[in-house]
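> Here the structure of chain A is known, so what remains is to put chain B in place on it, guided by the hints.
Listed below are the residues making up each chain.
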Amino acid sequence: MLEFLIGVLFITILSLVLLLLLPDEKEEEFLPLVKMAMGIWIIHSITRIFGHSLF
Amino acid sequence: MMPMLESVIGTVLSSFIIVIVSTFMALVLDFLFPSFSRWTRTFLFFIVLTVVLYPAYEHLQMIRSITQTVATMFISIYPLLTASILASGGSFSMLNFQPAMLLFANGAVILSDKILIPLLSAAMLFDIISRFHPAIPFTKMADLLRGSLIGLVSALVAAYSIFITAGGTISWALTGVTSEPIKKLISQNIPLVGSFMTDSLGAIGRYSSGASVFIGAWLIVTIWSVALLPTLKTLLTGFLYRWTAALIEPFADEDITGILDDIGKTLFVLCAVSFLVAFAFIYTALFTVILVKLITAVK
Chain A
62 MLEFLIGVLF ITILSLVLLL LLPDEKEEEF LPLVKMAMGI WIIHSITRIF
112 GHSLF
Chain B
-12 MMPMLESVIG TVLSSFIIVI VSTFMALVLD FLFPSFSRWT RTFLFFIVLT
38 VVLYPAYEHL QMIRSITQTV ATMFISIYPL LTASILASGG SFSMLNFQPA
88 MLLFANGAVI LSDKILIPLL SAAMLFDIIS RFHPAIPFTK MADLLRGSLI
138 GLVSALVAAY SIFITAGGTI SWALTGVTSE PIKKLISQNI PLVGSFMTDS
188 LGAIGRYSSG ASVFIGAWLI VTIWSVALLP TLKTLLTGFL YRWTAALIEP
238 FADEDITGIL DDIGKTLFVL CAVSFLVAFA FIYTALFTVI LVKLITAVK
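Those protein sequences? They're chains A and B, same order as listed. For what it's worth, the working numbering labels the leading residue of the first sequence as 62, then goes sequentially. For what it's worth, the working numbering labels the leading residue of the second sequence as -12, then goes sequentially.
Pulled out of the complex, with its shape left as it was, chain A reads as follows:
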């Protein structure tokens, strides 16, 4: 639980800092990457609850 939360927090802060540094026009291209990262992290956490590992 704690690890999942820390991961979510990390992805949020990292992507926020990157979004701030990137120029406006690149933002559209970068957002799907952030969503993908969050998706991978959530799926990974769920599979780990059931005893499997995504990677």
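Keep in mind the hints are simulated off the structure, nothing from the lab. Incorrect hints may appear among the rest.
If you want the ones that stay clear, here's a sample from chain B, every Cβ over 12 Å from chain A, calculated [what the hints assert, rightly or not]:
id : residue
1  : L106
2  : I115
3  : I116
4  : I277
Here chain A is said to cover these stretches of chain B; the calculated rule only asks that three of the stretch's residues, wherever they fall, bring their Cβ under 8 Å from a Cβ of chain A [to be verified]:
id : segment
5  : 118 to 131
6  : 243 to 253
Under 7 Å between C-beta atoms, here's a sample of chain A residues computed to sit facing chain B [said to hold, decoys possible]:
id : residue
7  : L66
8  : L77
9  : L92
10 : M99
11 : S114
Heads up, the beta-carbon is just placed ideally off N, CA and C, and yes, glycines get one too.
Same frame as chain A, now just chain B:
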């Protein structure tokens, strides 16, 4: 009552004044340097978070430490209480004492320590993330966590009240006809947890009326106020968050007011959790006092 009010408002008010002033400063900065607005928003967010999260976190810590204290009290006193009740025989039968109640209350304390408070802090974190980064929202998760917590806690209190009324103790005035308008007023005006609060107050009241025959009404009032003081403090702080959100809404970003509102909501749920702990505390304290009275009366 007044010193407590002053201390609560005093500790929280200064941070809320910082929030109001910094929101206004961000407004001015946005007007002067429009191209800098994204950085301004981020800095404002960090200032608001550092200032505003502290009182909420302090309350979480407070309820947590109280829960641990009550749990320790239970574990140390429970064998003693049951043993002496067995030894004293018939004198406790008129109180309709159920030893299962003590176990129940103890379970509630451990539940709130191990599950409820961590879930509540997770809900708070999800709220902040979804406001901070609207592209990856966790609002449904946060709402679900809060909703299920409220459901769990109210189910527990319902179980308590069933246990108490099944014992057939005398009904207390709060459940009577005269207090019905007051209960309506509370349950409609305190968001989320209002109706739960009046219900659990009724449950506690029903129980302590049975015990007031043995220990004076003043002692009951004292135990009540000691147990309910943290709850009241949390409730007051939650309201202060929402008042600040309402105050700065015309000129602040929607994110900032939203975050204040969400933290206020979470504190209301924390208030409900602390009710559970208060209930457990009242139950044990009353029984300990009754036991001491009985022992001294026999001598």
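> Which earlier hints can't be squared with this structure?
Structure breaks hints 1, 2, 3, 6, 11.
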